[in-house]
Amino acid sequence: MDRRKYLKTLAVGSLGATALINQSCETPKEKTAELPTFTIDRTPEELEREQKLLSETFFDEHEMKTIRLLADIIIPKDEVSGSASDAKVPEFIEFIVKDMPRHQLPMRGGLKWLDLQCMKRYHADFASCSPAQQIEIVDEIAWPEKAKPEMAQGVAFFNLVRDLTACGFFTSEIGIKDLGYMGNRPNQWDGVPQDVLDQYGMKYDERTLAESVKFDS
Amino acid sequence: MADFQIKETPKDYDVCIVGSGAGGGMAAYVLANAGIKVVLLEAGPLYDPAKNVTQLKWPWESPRRGAGTHRPFGDFDAAYGGWEIEGEPYTHKNGTKFDWFRSRMLGGRTNHWGRISLRFGPKDFKRKSIDGLGDDWPISYDDVAPYYDKIDKLIGVFGSKENLPNDPDSIFLPPPKPRLHELFIKEAATQLNIPVIPSRLSILTKPVNDERGACFYCSQCNRGCTVYGDFSSSSVLVKPALKTGNVDVIPNAMAREVLTDASGKATGISFVNKDDKQEYTVKAKVVILAASACESARLLLNSRSSLFPNGLANSSGVAGKYLHDSTGASMGGILPKLIGRKRYNEDGVGGMHVYTPWWLDNKKLDFPRGYHIEYWGGMGMPGYGFGFGMQNLNGKYPGRDGSMKQAGGYGASLKDDYRYFYGATFGMAGRGEAVAREDNYCEIDPNTVDKYGIPVLRFHYKWSDFEVKQAKHMKETFAEIIDKMGGVATWGQGSAENDYGLEAPGRIIHEVGTTRMGNDPKKSVVNKFNQAHDVKNLFVVDGGPFVSQADKNPTWTILALSMRASEYIIDELKKQNI
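Residue numbers (the numbering used here), protein chains in the order written: chain A, 9 to 225; chain B, 145 to 722.
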């Protein structure tokens, strides 16, 4: 709020809560005119931080290409839903490493490790390998319990890519639909559906039924 | 800064309240409705969950999918601030630990909490008489009970009548039915003689007035409710208080100190306005501190003068001492029978539908004081972290076709694993009572100021053996329940090396005790009406006056004591005693 306005408000003695609310709502708008639009509540400081993160680029083109390939190997299109890249998982991974710098070194170093392994075996980086070669090297690092000890760094890297890919996918619109999460909408919770209770051999006791909230419908 | 000057707010008020959380919001509500002119200082911005919305948003509306990178409880959590606030540090003494959660915004930390609304019981006010530790309160349950009643009716809380000796029933709205995992928890715990009863949350399963809508079961109370179907100070207390026309709110007003006159009476507050960075003072006949237990202690300790060399209202030297937070420890796992479960909307209210109140007799245990248990699980909305560590899960349980798989993997089969295991995990956490000790305290750091030039707090806090043993007991109990349910614990197994997973003090955000009440002015900061012994027109109505935390969340008691103190203030103002 502009100081003179503020003092004026104080001076007229109204300090009217309404007046204050209106003014303080206007102020951030002016400040944040150029910032990205968010559909969730953000403070002016948070908006600034988001804009900074969104304006930066971490991965180069080659790294992004490799991430895209790996993500679609981990979560491919199937009969239920689209692939990781359909759900913009690579873009999520690009954002999250900027937001959580602890992921940057393991991701960048892991991508490099993968390319070097491929260079040794196939004389090409991962992205330039054939799909069969890509799966061959992925099979060396995707199964922690049967991977060779010398692949340990690759296993750690793949675990991270698997985590970020799955998380990015199942928190996307495509992924939530795939998962069948049915909440996040107005509802009347009237207990576990009867067929589910029956499936598990459970039931609500008389007291619970008598005391719990009831709905008209 | 050539034009540096302190600006005086021209209007004089009856009462100046510092802080708009549970204590400050309640004081503003009660006083304004009695026709008293109130100025409410809030260190953060205005906030209205109907306008500042995160409710019913989807994970992809946050680029970090709701992760807690900035807001510690995630992007969708209503509370601004956290354990770390830029430019507002705090320090520690002798390598001890205390994490201080601050939420600078209208409504304060009531924008975040779990809405767990438990009355303290008769024993909770008289612990020294029971186990010889700490001190008794100067008041009893019967002194507070009428205020609990009023708050139940004003704010609304659901639950069930249980007639338990130390967990008094409220005037309850009907509770929601348990979810599926909660039925399994209840079944298992009951066999172990551990009670599991409907939770007690300030969420409106039925409307209590025309201003607030009923709960619509999205399970997102911590995001703030657009229809005000749950309690937060901003929407339930401050908003109606403003409607009286008797309250002026000054947001972004960071209190610096309590002002006093030559006679030692409080005359108002000096504050810095965060928007224009200018210094202001506001005058009032009565000053009420409700800035949070530690922030109010900080204000007193920073209000030094020749009359009050140890800080205001601190002739006892007790201000800042007896700081204590709830203990906390947790464990979780997977319930194999829920793998591959049928989908339905399981959101329910925000938080658990059942909980365990303290059920044992400390005479038979090696630690004093109890804990309650909170539960969670089921088919929640996915967010950041969803599916992490699948390689630790998908090799351990037979798949849809009954055969075992290799851990980890990729491709269509892995993709299906996330669907298959969704909703089969659960967890539980204990929240217990720590014994208040003089040598757990906050004080003014002689060497450090914040970005406003205000000297900061320095903490000295150590858990004792009592709390560690309590955490050990929690973990043993959790393991028994999980085992009985047929579950498998996947995280949270504690050991002596990590104090059985006992959380660092401050992590449970129930800290109280820093301006404790008592009849003896040499041993307490405020009297039984939350009134400073040394300064009759100064009150503290946050968690600071608590003599002891109970095995219960403090909010309902902060509200009750603030209402009680406010009625006392109205009476004293009428009698012209203050």
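Errors might be hidden in some of the hints.
[Unchecked claim] Here are the simulated DSSO-like pairs of lysine-lysine, each with C-alpha atoms no more than 27 Å apart in a straight line:
| # | chain 1 | residue 1 | chain 2 | residue 2 |
| --- | --- | --- | --- | --- |
| 1 | B | Lys613 | A | Lys185 |
| 2 | B | Lys719 | B | Lys427 |
| 3 | A | Lys185 | B | Lys201 |
| 4 | A | Lys222 | B | Lys305 |
| 5 | B | Lys486 | A | Lys222 |
| 6 | B | Lys549 | A | Lys154 |
| 7 | A | Lys154 | B | Lys540 |
| 8 | A | Lys85 | B | Lys427 |
| 9 | B | Lys540 | A | Lys156 |
| 10 | B | Lys613 | B | Lys672 |
| 11 | A | Lys222 | B | Lys297 |
| 12 | B | Lys595 | A | Lys60 |
| 13 | B | Lys628 | A | Lys60 |
| 14 | A | Lys85 | B | Lys549 |
| 15 | B | Lys507 | B | Lys628 |
| 16 | A | Lys211 | B | Lys628 |
| 17 | B | Lys241 | B | Lys427 |
| 18 | A | Lys85 | B | Lys540 |
| 19 | A | Lys222 | B | Lys294 |
| 20 | B | Lys549 | A | Lys185 |
| 21 | A | Lys96 | B | Lys427 |
| 22 | B | Lys613 | B | Lys241 |
| 23 | A | Lys222 | B | Lys350 |
| 24 | B | Lys350 | A | Lys211 |
Hints are computed from structural coordinates only; laboratory data are not their basis.
Going down the list of hints, with the structure as the test:
1. About 45 Å separates the Cα atoms of lysine 613(B) and lysine 185(A), which puts this hinted pair outside 27 Å; it is violated.
2. Of the supplied pair hints, the one linking lysine 719(B) and lysine 427(B) holds, its CA atoms being roughly 21 Å apart against a limit of 27 Å.
3. The suggested pairing of lysine 185(A) with lysine 201(B) holds, with an alpha-carbon distance near 15 Å, which does not exceed 27 Å.
4. For the given pair, lysine 222(A) sits about 17 Å from lysine 305(B) by alpha-carbon distance, which is consistent with the 27 Å threshold.
5. Restraint check for lysine 486(B) and lysine 222(A): satisfied, since their Cα atoms lie roughly 24 Å apart, inside the 27 Å limit.
6. Only pairs whose Cα atoms come within 27 Å are accepted, and lysine 549(B) paired with lysine 154(A) is accepted, the gap being roughly 12 Å.
7. A C-alpha spacing of about 14 Å is found between lysine 154(A) and lysine 540(B), which places the hinted pair at or below 27 Å, so the restraint holds.
8. At most 27 Å may separate the alpha-carbon atoms for a hinted pair to count; lysine 85(A) and lysine 427(B) exceed this at roughly 67 Å.
9. The suggested pairing of lysine 540(B) with lysine 156(A) holds, with an alpha-carbon distance near 20 Å, which does not exceed 27 Å.
10. A distance of roughly 32 Å separates the Cα atoms of lysine 613(B) and lysine 672(B); the hinted pair therefore is violated under the 27 Å criterion.
11. Proximity of lysine 222(A) to lysine 297(B) is assessed by CA-CA distance (about 20 Å); at most 27 Å being required, the pair is judged to hold.
12. For a cut-off of 27 Å, the pair hint linking lysine 595(B) to lysine 60(A) stands: about 23 Å separates their Cα positions.
13. For a cut-off of 27 Å, the pair hint linking lysine 628(B) to lysine 60(A) is broken: about 50 Å separates their Cα positions.
14. In summary, the hint linking lysine 85(A) to lysine 549(B) is supported, as the alpha carbons are separated by about 21 Å, within the 27 Å threshold.
15. Our distance criterion of 27 Å between C-alpha atoms is met by lysine 507(B) and lysine 628(B), whose separation comes to about 26 Å.
16. A distance of roughly 18 Å separates the Cα atoms of lysine 211(A) and lysine 628(B); the hinted pair therefore holds under the 27 Å criterion.
17. For the suggested pair lysine 241(B) and lysine 427(B), the alpha carbons sit about 37 Å apart, so the restraint of at most 27 Å is broken.
18. Only pairs whose Cα atoms come within 27 Å are accepted, and lysine 85(A) paired with lysine 540(B) is accepted, the gap being roughly 26 Å.
19. As the CA atoms of lysine 222(A) and lysine 294(B) are separated by approximately 25 Å, the hinted pair is consistent with the 27 Å bound.
20. Using a Cα cut-off of 27 Å, the hinted pair lysine 549(B) and lysine 185(A) holds, with the two alpha carbons roughly 26 Å apart.
21. The hinted pair formed by lysine 96(A) and lysine 427(B) fails the criterion: a straight-line CA distance of about 56 Å is larger than 27 Å.
22. Between lysine 613(B) and lysine 241(B) the CA atoms are separated by roughly 19 Å; this keeps the pair inside 27 Å, and the hint holds.
23. Between lysine 222(A) and lysine 350(B) the CA atoms are separated by roughly 10 Å; this keeps the pair inside 27 Å, and the hint holds.
24. Note on lysine 350(B) and lysine 211(A): the hinted pairing holds, with a Cα-Cα distance of about 24 Å set against a maximum of 27 Å.
Going down the numbered hints, you'll see the structure goes against 1, 8, 10, 13, 17 and 21, while the others check out.
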